[in-house]
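Undergrad: Work the whole structure out from these sequences, hints included.
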Amino acid sequence: MAPAEILNGKEISAQIRARLKNQVTQLKEEVPGFIPGLAILQIGNRDDSNLYIKVKLKAAEEIGIKATHIKLPRTTTESEVIKYITSLNEDSTIHGFLVQLPFDSENSINTEEVINAIAPEKDVDGLTNISAGKLARGDLNDCFIPCTPKGCLELIKETGVPIAGRHAVVVGRSKIVGAPMHDLLLWNNATVTTCHSKTANLNEEVNKGDILVVATGQPEMVKGEWIKPGAIVIDCGINYVPGECCWRRKVASGVEDGVYGLHFLEGIPFRARDQNFCFTFIVLLFVLFYVFIFLPFQRLGIEKTDPTTLTDEEINRFARLDIDPETITWQRVLDTNDRFLRKITIGQAPTEKGHTRTAQFDISVASEIMAVLALTTSLEDMRERLGKMVVASSKKGEPVSAEDLGVSGALTVLMKDAIKPNLMQTLEGTPVFVHAGPFANIAHGNSSILADRIALKLVGPEGFVVTEAGFGADIGMEKFFNIKCRYSGLRPHVVVLVATVRALKMHGGGPTVTAGLPLPKAYIEENLELVEKGFSNLKKQIENARMFGIPVVVAVNAFKTDTEAELDLISRLSREHGAFDAVKCTHWAEGGKGALALAQAVQRAAQAPSSFQLLYDLKLPVEDKIRIIAQKIYGADDIELLPEAQHKAEVYTKQGFGNLPICMAKTHLSLSHNPEQKGVPTGFILPIRDIRASVGAGFLYPLVGTMSTMPGLPTRPCFYDIDLDPETEQVNGLF
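First residue of the sequence shown? That's 26 in the numbering used here, and the numbers climb one at a time after it.
The set of hints was computed from the structure by calculation and includes no laboratory data. None of these values were measured; they are calculated from a predicted model. Errors might be hidden in some of the hints.
Claimed, not checked - So the derived label-pair ranges between C-beta atoms look like this: (1) Thr216 with Lys91: 39 to 47 Å; (2) Cys743 with Met449: 22 to 30 Å; (3) Asn135 with Asp167: 25 to 33 Å; (4) Asp360 with Leu553: 36 to 44 Å; (5) Pro375 with Leu544: 51 to 59 Å; (6) Asp748 with Glu87: 55 to 63 Å; (7) Leu359 with Met449: 20 to 28 Å; (8) Ala590 with Gly737: 34 to 42 Å; (9) Asn166 with Glu36: 25 to 33 Å; (10) Gly616 with Gln671: 48 to 56 Å; (11) Pro668 with Leu165: 56 to 64 Å; (12) Lys420 with Thr376: 20 to 28 Å; (13) Pro751 with Thr100: 50 to 58 Å; (14) Asn166 with Gly255: 29 to 37 Å.
To be verified - With a cut-off of at most 20 Å between alpha-carbon atoms, the simulated EDC-like pairs for lysine to aspartate or glutamate come out as follows: (15) Lys200 with Asp167; (16) Lys233 with Glu250; (17) Lys233 with Glu245; (18) Lys79 with Asp347; (19) Lys421 with Glu351; (20) Lys159 with Glu137; (21) Lys200 with Asp164; (22) Lys421 with Asp349; (23) Lys413 with Glu428; (24) Lys413 with Asp349; (25) Lys46 with Glu86; (26) Lys413 with Glu423; (27) Lys679 with Asp662; (28) Lys83 with Glu146; (29) Lys421 with Asp347; (30) Lys420 with Glu675; (31) Lys159 with Glu146; (32) Lys91 with Glu137; (33) Lys657 with Asp642; (34) Lys413 with Asp347; (35) Lys679 with Asp642; (36) Lys182 with Asp235; (37) Lys96 with Glu86; (38) Lys175 with Asp235; (39) Lys679 with Glu669; (40) Lys46 with Glu36.
All residues carry an ideal CB built from backbone N, CA and C; glycine is no exception.
TA: Below is the structure:
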């Protein structure tokens with residue numbers, strides 16, 4: 026038995042477009058100054074409509090038709106839509122138009138009323154009662170014919186098989202495809218039988234068809250083994266099963282069962298207004314009248330070039346991302362504090378009608394791209410991580426990544442130089458790598474893995490590399506161990522905790538410090554009581570560091586107003602409560618000489634026994650990992666996942682991201698979520714208001730309390746003190 030013959034829809038499409046272009050060119054020559062005009066009136070923002078309209082606009086441009094796209098929001102009322110239609114009816118520059126209605130509008134719209142408001146002479150969709158009536162009556166030269174049936178007829182004629190005298194079977198009776206298809210075949214002198222779900226002995230009726238057009242929404246309604254050998258078969262791609270394509274199932278079945286002479290025709294144009302068409306394959310069906318656009322979608326992991334060999338799952342990925350706009354998580358970033366950008370509305374320009382949504386800005390250090398840069402290990406790894414960044418979810422709840430959008434390659438190009446660490450030096454010539462800067466109260470707070478690895482290679486096996494874990498041992502250090510060490514594979518030998526007299530006085534109950542105002546006396550005069558009370562915070566941080574099995578050295582950063590008694594008290598208490606050593610440091614004033622004692626203490630600590638261990642198992646549920654951090658590191662009694670956070674934890678777990686490490690977005694001013702609670706707060710419940718996913722970087726980050734990813738300016742911004750001397754061009758007030 027001969028295999029099925031497949032007509033080349035791409036070639037047929039090109040032929041039809043060329044013919045139409047010639048007709049338009051000839052018309053313009055006959056009527057100088059005439060420009061044919063098409064309008065598309067779209068209500069709402071359906072993804073399938075957007076794609077359908079985009080291709081129509083492109084085809085119109087190729088042919089020489091001036092096309093206008095009018096977008097109205099989904100909230101537009103029926104009367105407002107009809108007003109627009111009336112204006113298009115009266116517009117002499119518009120010679121035809123079509124209306125794209127939403128599946129479900131916020132204001133009830135009567136489809137029949139809207140469609141029949143279109144002037145019959147401009148009804149290019151052929152869906153008004155007048156057009157449908159003329160078609161049913163056989164007035165084919167005096168009406169518009171719906172494009173899908175007309176396309177099917179064109180393809181049938183392309184086979185060279187005469188229609189006249191043939192027995193045609195149409196399965197489906199919708200006003201958009203089935204009914205007009207019946208009429209077209211009838212007036213082309215075929216004997217036509219229309220079948221539907223209630224038809225008795227459907228298999229027998231189908232088997233009678235020399236020509237079979239399947240235009241039904243019921244899954245697998247027609248089986249391959251029913252088809253008459255040698256029949257021309259067209260499936261309009263409207264048999265939809267979630268996650269599958271029945272069209273492919275039936276064709277494959279028919280071929281395998283030995284149906285010979287089967288003229289399987291790809292490239293059937295579709296009706297975007299029909300709610301039942303097969304969404305999973307609509308892109309492949311553009312090829313009759315439009316442009317074959319398969320190759321650009323190879324970024325979705327589809328390496329095939331023959332669309333007929335796609336699996337159901339590949340068809341799904343190929344056809345549409347189906348993004349739910351409400352789930353878009355990718356934010357814009359700006360390296361300027363601006364509280365008004367924490368919540369914004371975008372898409373309000375007239376050209377973006379119907380596309381408005383709520384969004385926000387983050388500060389640049391909260392960008393996932395910066396986190397990727399800091400945690401990557403190579404160009405190849407960065408390319409993979411950038412591709413994994415999740416920007417939204419589909420309407421089925423599946424993650425949509427940067428790779429799915431096709432932008433990860435371009436992102437890698439943008440970052441190809443940024444991946445190289447900046448080599449700088451101290452005033453004394455010590456080499457320093459400066460690379461990445463994700464603040465630890467928002468992101469993971471560590472310099473890059475690449476910088477660490479290069480530095481380790483340069484110093485050799487006996488050398489020392491100091492790498493920073495910013496913003497406190499409760500956030501920067503914890504994230505260094507549980508996130509950065511997991512991905513780098515590196516294990517630290519010593520933890521250096523930096524403490525100051527002033528910080529401990531604040532944690533001991535000292536007065537409030539206001540930026541721009543002089544320090545209260547308590548911070549510039551000796552007060553051992555405040556220091557000792559505030560040591561409770563440092564004691565907790567020492568305990569946290571030792572929890573990971575690493576020796577701790579406390580560096581007491583001394584300022585000129587600190588007294589020896591205060592500095593000695595901190596050092597003594599640190600040693601008594603678990604620090605390997607604690608030393609006074611004056612490097613801010615004396616450079617390397619002032620940190621010599623610290624260097625010697627670190628060298629000794631590096632030789633001490635250590636047993637590095639992580640805080641939690643990645644396989645634990647998201648909520649449990651957050652609870653472990655909150656209880657063991659912050660000292661919380663428990664956590665509370667607010668509704669949004671609970672929902673996100675469930676979504677990310679379902680999407681396969683539940684095994685990622687946790688990056689808490691928390692204030693650095695307190696062990697708790699409340700920046701006013703100093704020392705070592707106890708008895709508190711840690712509130713988690715939201716959870717976000719940085720899948721490319723490789724972590725989930727819960728938002729703790731009121732923690733914001735876009736800071737605002739303080740009550741007295743520092744710009745009050747910044748100025749320029751116009752004579753010397755000296756900048757004043759930066760420090």
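Undergrad: The structure should be examined with respect to each hint, and the outcome stated for every one.
TA: Checked hints:
no. : hint                           : in the structure
1   : Thr216 with Lys91: 39 to 47 Å  : holds (42 Å)
2   : Cys743 with Met449: 22 to 30 Å : holds (24 Å)
3   : Asn135 with Asp167: 25 to 33 Å : holds (27 Å)
4   : Asp360 with Leu553: 36 to 44 Å : holds (42 Å)
5   : Pro375 with Leu544: 51 to 59 Å : holds (54 Å)
6   : Asp748 with Glu87: 55 to 63 Å  : holds (60 Å)
7   : Leu359 with Met449: 20 to 28 Å : holds (25 Å)
8   : Ala590 with Gly737: 34 to 42 Å : holds (40 Å)
9   : Asn166 with Glu36: 25 to 33 Å  : holds (27 Å)
10  : Gly616 with Gln671: 48 to 56 Å : holds (52 Å)
11  : Pro668 with Leu165: 56 to 64 Å : holds (59 Å)
12  : Lys420 with Thr376: 20 to 28 Å : holds (25 Å)
13  : Pro751 with Thr100: 50 to 58 Å : holds (55 Å)
14  : Asn166 with Gly255: 29 to 37 Å : holds (32 Å)
15  : Lys200 with Asp167             : holds (18 Å)
16  : Lys233 with Glu250             : holds (13 Å)
17  : Lys233 with Glu245             : holds (19 Å)
18  : Lys79 with Asp347              : holds (16 Å)
19  : Lys421 with Glu351             : holds (13 Å)
20  : Lys159 with Glu137             : holds (17 Å)
21  : Lys200 with Asp164             : holds (17 Å)
22  : Lys421 with Asp349             : holds (9 Å)
23  : Lys413 with Glu428             : holds (7 Å)
24  : Lys413 with Asp349             : holds (18 Å)
25  : Lys46 with Glu86               : holds (10 Å)
26  : Lys413 with Glu423             : holds (13 Å)
27  : Lys679 with Asp662             : violated (28 Å)
28  : Lys83 with Glu146              : violated (23 Å)
29  : Lys421 with Asp347             : holds (8 Å)
30  : Lys420 with Glu675             : holds (16 Å)
31  : Lys159 with Glu146             : holds (12 Å)
32  : Lys91 with Glu137              : violated (27 Å)
33  : Lys657 with Asp642             : holds (14 Å)
34  : Lys413 with Asp347             : holds (18 Å)
35  : Lys679 with Asp642             : holds (18 Å)
36  : Lys182 with Asp235             : holds (13 Å)
37  : Lys96 with Glu86               : holds (19 Å)
38  : Lys175 with Asp235             : holds (18 Å)
39  : Lys679 with Glu669             : holds (15 Å)
40  : Lys46 with Glu36               : holds (15 Å)
Of the hints listed earlier, those the structure fails to meet are numbers 27, 28 and 32, in rising order.
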